[in-house]
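J.: Protein sequences appear in the order of chains U and E. Okay, so the first sequence: first residue is 69 according to the working numbering, each after it adds one. Okay, so the second sequence: first residue is 694 according to the working numbering, each after it adds one.
Bear in mind the hints are in silico, worked out from the structure with no lab data behind them. A couple of the hints might just be wrong.
Derived DSS-like pairs (lysine-lysine); straight-line CA-CA distance at most 27 Å [said to hold, decoys possible]:
1) E:Lys-1216 / U:Lys-85
2) E:Lys-1374 / U:Lys-171
3) E:Lys-1027 / U:Lys-333
4) E:Lys-1144 / U:Lys-171
5) U:Lys-195 / E:Lys-1181
6) E:Lys-1027 / U:Lys-381
7) U:Lys-70 / E:Lys-1181
8) U:Lys-85 / E:Lys-1181
9) U:Lys-195 / E:Lys-1032
10) U:Lys-71 / E:Lys-1158
11) U:Lys-73 / E:Lys-1181
12) E:Lys-1214 / E:Lys-1158
13) U:Lys-73 / E:Lys-1706
14) U:Lys-365 / U:Lys-391
15) U:Lys-149 / E:Lys-955
16) U:Lys-71 / E:Lys-1181
17) E:Lys-1158 / U:Lys-171
18) U:Lys-171 / E:Lys-1142
19) U:Lys-73 / E:Lys-1216
20) E:Lys-955 / U:Lys-140
21) U:Lys-365 / E:Lys-1027
22) U:Lys-85 / E:Lys-1214
23) E:Lys-1214 / U:Lys-71
24) E:Lys-1032 / U:Lys-331
25) U:Lys-85 / E:Lys-1158
26) E:Lys-1765 / U:Lys-70
27) E:Lys-1032 / U:Lys-381
28) E:Lys-1515 / E:Lys-1374
29) U:Lys-200 / E:Lys-1032
30) E:Lys-1027 / U:Lys-200
31) E:Lys-1158 / U:Lys-195
32) E:Lys-903 / E:Lys-1062
33) U:Lys-333 / E:Lys-1032
34) E:Lys-1706 / E:Lys-1716
35) E:Lys-1158 / U:Lys-70
36) E:Lys-1216 / U:Lys-71
37) U:Lys-91 / U:Lys-178
These stretches of chain U come out as covered by chain E in the derived footprint (C-beta under 8 Å, 3 or more residues) [what the hints assert, rightly or not]:
38) 156–162
39) 398–409
Where a beta carbon is used, it is the ideal one built from N, C-alpha and C, also for glycine.
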Amino acid sequence: MKKVKLTLEDGTVFTGKSFGSEKPVAGEVVFYTAMVGYPESLTDPSYTGQILVSTYPMIGNYGVPDNSATRKVSNHFESDKIHVSGFIISDYSSEYSHWNAIKSLGDWLKENDVPGIYGIDTRALTKILREKGSMLGKIEFDDQRIGFYDPNLENLVARVSIKNTEEHGNGEYKIILVDCGVKNNIIRCLLNRGASVKRVPWDYDFTSEEYDGLFISNGPGDPAMCDATVKNLSKALEGNTPIMGICLGNQLLARAAGADTYKLKYGHRSHNQPVLLNGTDRCFITSQNHGYAIDRKTIPNDWEELFINVNDKTNEGIKHKTKPFFSTQFHPEASSGPVDTEFLFDDFINNIKKHKG
Amino acid sequence: MKNFKSHIKKAIVLGSGALKIGEAGEFDYSGSQALKALKEEGIETVLINPNIATIQTSEEIADKIYFLPVTPFFVEEVIKKEKPQGILLAFGGQTALNCGVALYETGILEKYNIEVLGTPVQSIIDTEDRDIFANILKSIDVKTPASIACKNMEEAKNAVEKIGFPIIIRAAYTLGGLGSGFCSNMQELEIRASNAFSYSPQILIEESIKGWKEVEYEVVRDQYDNCITVCNMENFDPLGIHTGESIVVAPSQTLTNKEYHKLRELSIRIIRRIGVVGECNVQFALDPFSEDYRVIEVNARLSRSSALASKATGYPLAFIAAKLGLGYGLHELKNTVTKVTTACFEPALDYVVCKIPRWDLNKFSGVSKQIGSSMKSVGEIMSIGRNFEEAIQKGLRMIGLGMHGFVGNTEEITIETIEEELVNPTDRRIFAIAEAFNKDYSVEDIYQKTKIDRWFIQKLQNIFKLSCELSTHSSLDALPEETLLQAKKYGFSDFQIARMVLKPSASQMEKKMIEVREHRKAKGILPFVKQIDTLAGEYPAMTNYLYITYNAAENDVEFQHDGQSVIVLGSGAYRIGSSVEFDWCSVNAVNTIRKEGLRSIMINYNPETVSTDYDNCDRLYFDELSFERVMDIVDMEQPRGTIVSVGGQIPNNLAIKLHRQNMPVLGTSALKIDNAEDRQKFSTLLDKINVDQPRWRELSTIDEIHNFIDEVGFPVLIRPSYVLSGAAMNVVSNADQLEHFLELAADVSKEHPVVVTEFIEQAKEIEIDAVADKGEIVAYAISEHVEFAGVHSGDATMVFPPQKLYIETIRRVKRISREVAKGLEISGPFNMQLLAKDNDIKVIECNLRASRSFPFVSKVMKLNLIELATKVMLGIPYIKPDKSLFELDHIGIKAPQFSFHRLLNADPVLGVDMSSTGEVACIGDTYYEAIMKSMLSVGYHAPKKNILISSGPARSKLELLKSAQMLVDKGYNLFATEGTHRYFRDNNIECTRLHWPDEEDRKPNTIDYIKEKKLDLVINIPKDYTRRELSNGYRIRRNAIDFNIPLITNARVASAFIYAFCKYNLEDLTIKSWNEYK
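My request is simple: use the sequences and hints to build the entire structure.
T.: Here it is in structure tokens:
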């Protein structure tokens, strides 16, 4: 077996054992604290360019399910491939056990040519990332040498967004979904609520088209890279057609409204983030995966904060004071994670119903 | 905080009473947390709990404490007196909940205008009635097993017609699945249903989903409808084995995201519909072949699982639940670990915990060893690791049954029929799996027979395979470093590695184990300390909640080698003979260390305890109390010393081993501890200081045994050095019994000698609990047993201060104690048991550690013996108490709690081996008042009308004669078996004869009377002469237990209780809090 090591940009080296592809990779090293859902997380396009560290030590237990699809949307995965650049864990279950599993996690990583390392003190690694912030890192085998790579300098959205429009379903509400790296469960959530979804590339100009609702998806990287989307959004904000955004969509909506975004020290990547519905005593547990956030101080007057993170007080969503526009920094579509805020999709559909009259 | 209930100035908390199977130490932990939460809000707290050995019944925890039964009558009396505004029902298990429901239904809460803080009582009632509850769940589209509530046998049979076999029977309103069981045919149904009806007026016939995965969620809700699930847990054993009997892991291991969050969402939907404010536990069955599920149980209160979840995650469920009951929102409370983040979150674990039950079925004769849908375990442990292999191996050592992990147990039970074990599991199932691997069973074979998820079996196989690899080497130098490290990562102990690689003889074991230790230390293979911080490292946390793992590369904490820390070794798993009393001792030692400005380091692994609450000490190592682990921690912490004398026998046994490695043991020298533990050495010492003891000898042939008995005469106490089933320690009264005993203990030899001791009949048993400093006694408490010697001291009813001892006896006891303390140079706590017959005193046992009765005597005389002992051990100045036990104006009585009703077929009889699972102690102004309160606290009640006396040997007949007369005078109807009937009639006591069970055709018959519940109290004194009487006696006793009729089997206790209830009506008992007894 080849020796594999993870080198961080501060010079720290961790050595472990390989259970995926033996391809050297470089990217931004981030940690997530969810205890379930590796098939969903690994296929989440928002992780593009990132080497993912799981704080939960035992991974691979229930294998990997098949790639069946319903209404052209995969049943089990969040996109059509693994998006993380590398996967770092403590303990790997080479044997798995689950009724819907068809292969092991290791085999799946190999098929997708993604390296995986186990035998790492992921808690020690996490503490470094927590203290020093997310940082660049690289995975190398034996005597390979590669350079560091900063994915945030690149327009990752352009890389993961679809190239041509796609149609899903034929429900009564026509929704334009701007794909900045959309997770399949957003599409499932919309389809389950009677929508027909037109999924369009991130820079697609939808402003002259007719639609009942506009949806801005999640996606990877720095929102400042998506000027084309922001430009189209700004135009949409002049109208009154309902808009909903998630994660990167939250940040893009904010930028279109005139607010700023900034990079968090090490981001939120977990299933246990508490968010407070602003001005109420309602608190929700949410699934999150983001490295950037809206600068609260820059939110313009005609907008207000919809949700706030109870722990670090960062913005978790905004809404327009008068128009049916809102977005969340967290993931109401979950997958993976808690489903407590899925009702926000209902709110979106209700906005559409109201708007249609 | 706008909805904070500021009108609540005083609140009552109901405790759970004595520890019993299904309701144990976890409620000391949850109650203590609730009391702390109330106190923090400035609310005056009133606690009702007769369990005197708990930590919650301490003056620092509750403002007023009533050592009274948790029953509606007494709670109402306390309400009248204390006039509280609020009451908390969710922190004292099913006992508190049932009492709360009764208070609500009888209108008492309304009458005194008492607000229930937390979940409304009506919600609790709804969850307790399974039929109503199933309908509620149906209304929110939540599935439950098809189930039909039945009130009688005919309804039960009709229900089965509809559902079809196999079915499971459940009884409503019972503890831990009592009366439950599977039935696959009509015959089984008839037996089980009639038994279940004896516990509950309503039973449920349910579809059987045996073999499904069992998964639990701990859910929290506040008044704003905010909900979180703090933890989920997956049972290793599939459905069919009670969750209290199953190995449990947290978080779940084999559930996908979809399954995890589907069940999570259902849990939240349920808690919202019920309207819980606080904490609730939801148990699911999950189909192993689809995402189908059933809700199998909901507990709208803190539970054993919630205590486990608190310890597994670091999230203080009971503390938070109490705060929510006061009107806080989750988001208004802080995460008590990080101190900066909110309590409204779900802990992220970066480790796995494993809970393993501890059974003590060997303590009972006749009990079935099979585990199933009702609970038999008496305690549990929780192990923590960064992989399953590590956690399970640690855990299997922690249960303390002489096992060294999953493998490497050469002295293990022979499992002749692995097949049978795998299909019909007993308490040894996990070792049967190890044995199956040994016999070349595949993962698939084992899965097919056990239905344990293959993932767990694969992990166990990893351990097995590595053990095989280890065994191929025969020296440490030949063992590849990589393999050694992997073994440590898989949780192998140095002991296991020594055994597999070096294969030493038993006498060489300790030496070889240390060789392994030295070898791996030289190679730099060392464990690391990790924190439990609730957020998997996401936020910095100053948490002191620690565990040890080899699956790591660095420590989370630093060590201050400043000589200011002291390690306290806790008591491990609760078991018969060692439970909450030692937790009280451990916690008090820790408190004293902290008060003295030193840092306390606690090591313990029992999730049911207060000592494993990270609030209580400066550092908590939730880890093994093995020699290896304690040495690891001592190496890292380099403390001033280690206290081994407050946690019972486990730490006590480590004293000499630590001493041999030059580790500082505080208190009495380890060599002296060894002198007291070693029978021969102790005997020599007693001879030297002229102290008498019963004659005894260690014998290794049958002839020697006969010869010795010829010398001392019957009866004798026989103690095998090695416990064979049915041949545990026993009193043998005649040649017949001796022969029977020797048949069972066939293997008497040089390797397995037996100790035979003369047994002195009709002797009083006396205990002294004391603290000495450099051989001089500084404080002591002498107590006496109600029973004559022969009943294990843990099962005895204890009186303190003694009421019926001669002054001369007490003087002699003191003198002997002084001599022993001096002879053993005791510095710290010790306990001695003595026999007294006509002022003739003999020592029977001496432990140089705290005993079970330390909290009892400390609380009754209001002198904390552990605090004093700790000061002595730390070498800190203290004030020598001048309290004399004769100054007390009140009397404390400690009474045992038995759990025979849970142990199918066990003979509910007392003997020299302990069988009680818990105890209470109540204080009274008179002896009989204290007796009455204590007996009521362990579930007895003054009988209404009919009493059966089967009085056994002549001595007991005599003992009971006066009591019987009192009963007749009081207007009770007396029933008696043949001999007793004759004896009573001869003495002009009116009674009706009931025929023996084996005289089935002769009416009226004892068994009919019991089954028809015509009796309110059964007194059956075992007489050990003929087999026929033994069997008849057994049937009377067992049926009394099975049909829930109070049973007393000791003549002196029976007589004391009869006197008590003849003298005192309930209304006559004084309602006084602890601090009112000056």
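J.: If a hint holds in the structure, say so; if it doesn't, say that too.
T.: Do the hints match the structure? See the list:
1. E:Lys-1216 / U:Lys-85: holds (21 Å)
2. E:Lys-1374 / U:Lys-171: Answer violated: Lys-1374 of chain E to Lys-171 of chain U is near 64 Å, above 27 Å.
3. E:Lys-1027 / U:Lys-333: Holds, because 23 Å separates the two Cα atoms, which is no more than 27 Å.
4. E:Lys-1144 / U:Lys-171: Distance ~22 Å between Lys-1144 of chain E and Lys-171 of chain U Cα, so the pair holds.
5. U:Lys-195 / E:Lys-1181: Distance ~24 Å between Lys-195 of chain U and Lys-1181 of chain E Cα, so the pair holds.
6. E:Lys-1027 / U:Lys-381: holds (14 Å)
7. U:Lys-70 / E:Lys-1181: holds (23 Å)
8. U:Lys-85 / E:Lys-1181: Within the cut-off at roughly 17 Å; holds.
9. U:Lys-195 / E:Lys-1032: holds (18 Å)
10. U:Lys-71 / E:Lys-1158: Judged against 27 Å, a Cα distance of about 24 Å means the pair holds.
11. U:Lys-73 / E:Lys-1181: Within the cut-off at roughly 22 Å; holds.
12. E:Lys-1214 / E:Lys-1158: holds (24 Å)
13. U:Lys-73 / E:Lys-1706: Cα-Cα ~74 Å, so violated.
14. U:Lys-365 / U:Lys-391: Distance of about 21 Å is within 27 Å: holds.
15. U:Lys-149 / E:Lys-955: Given pair Lys-149 of chain U, Lys-955 of chain E holds - Cα atoms ~25 Å apart, limit 27 Å.
16. U:Lys-71 / E:Lys-1181: This hinted pair holds, its Cα atoms lying about 21 Å apart.
17. E:Lys-1158 / U:Lys-171: holds (23 Å)
18. U:Lys-171 / E:Lys-1142: holds (25 Å)
19. U:Lys-73 / E:Lys-1216: holds (22 Å)
20. E:Lys-955 / U:Lys-140: holds (23 Å)
21. U:Lys-365 / E:Lys-1027: This hinted pair holds, its Cα atoms lying about 26 Å apart.
22. U:Lys-85 / E:Lys-1214: Given pair Lys-85 of chain U, Lys-1214 of chain E holds - Cα atoms ~24 Å apart, limit 27 Å.
23. E:Lys-1214 / U:Lys-71: At roughly 25 Å apart (the allowed maximum being 27 Å), Lys-71 of chain U and Lys-1214 of chain E satisfy the hint.
24. E:Lys-1032 / U:Lys-331: holds (25 Å)
25. U:Lys-85 / E:Lys-1158: holds (20 Å)
26. E:Lys-1765 / U:Lys-70: With a Cα-Cα distance of about 74 Å, the restraint between Lys-1765 of chain E and Lys-70 of chain U is violated, given a limit of 27 Å.
27. E:Lys-1032 / U:Lys-381: Holds, at about 15 Å.
28. E:Lys-1515 / E:Lys-1374: holds (15 Å)
29. U:Lys-200 / E:Lys-1032: Given that 27 Å is the threshold and the Cα spacing comes to 21 Å, the pair holds.
30. E:Lys-1027 / U:Lys-200: OK: Lys-1027 of chain E and Lys-200 of chain U at ~25 Å, within 27 Å.
31. E:Lys-1158 / U:Lys-195: violated (34 Å)
32. E:Lys-903 / E:Lys-1062: With Cα atoms ~19 Å apart, Lys-903 of chain E and Lys-1062 of chain E stay inside 27 Å; holds.
33. U:Lys-333 / E:Lys-1032: holds (20 Å)
34. E:Lys-1706 / E:Lys-1716: holds (24 Å)
35. E:Lys-1158 / U:Lys-70: holds (23 Å)
36. E:Lys-1216 / U:Lys-71: holds (21 Å)
37. U:Lys-91 / U:Lys-178: holds (9 Å)
38. 156–162: Holds: 3 residues of the stretch 156–162 of chain U have a Cβ under 8 Å from chain E.
39. 398–409: holds (count 7)
Hints 2, 13, 26, 31 from the list above are not met by this structure, while the remaining hints are.
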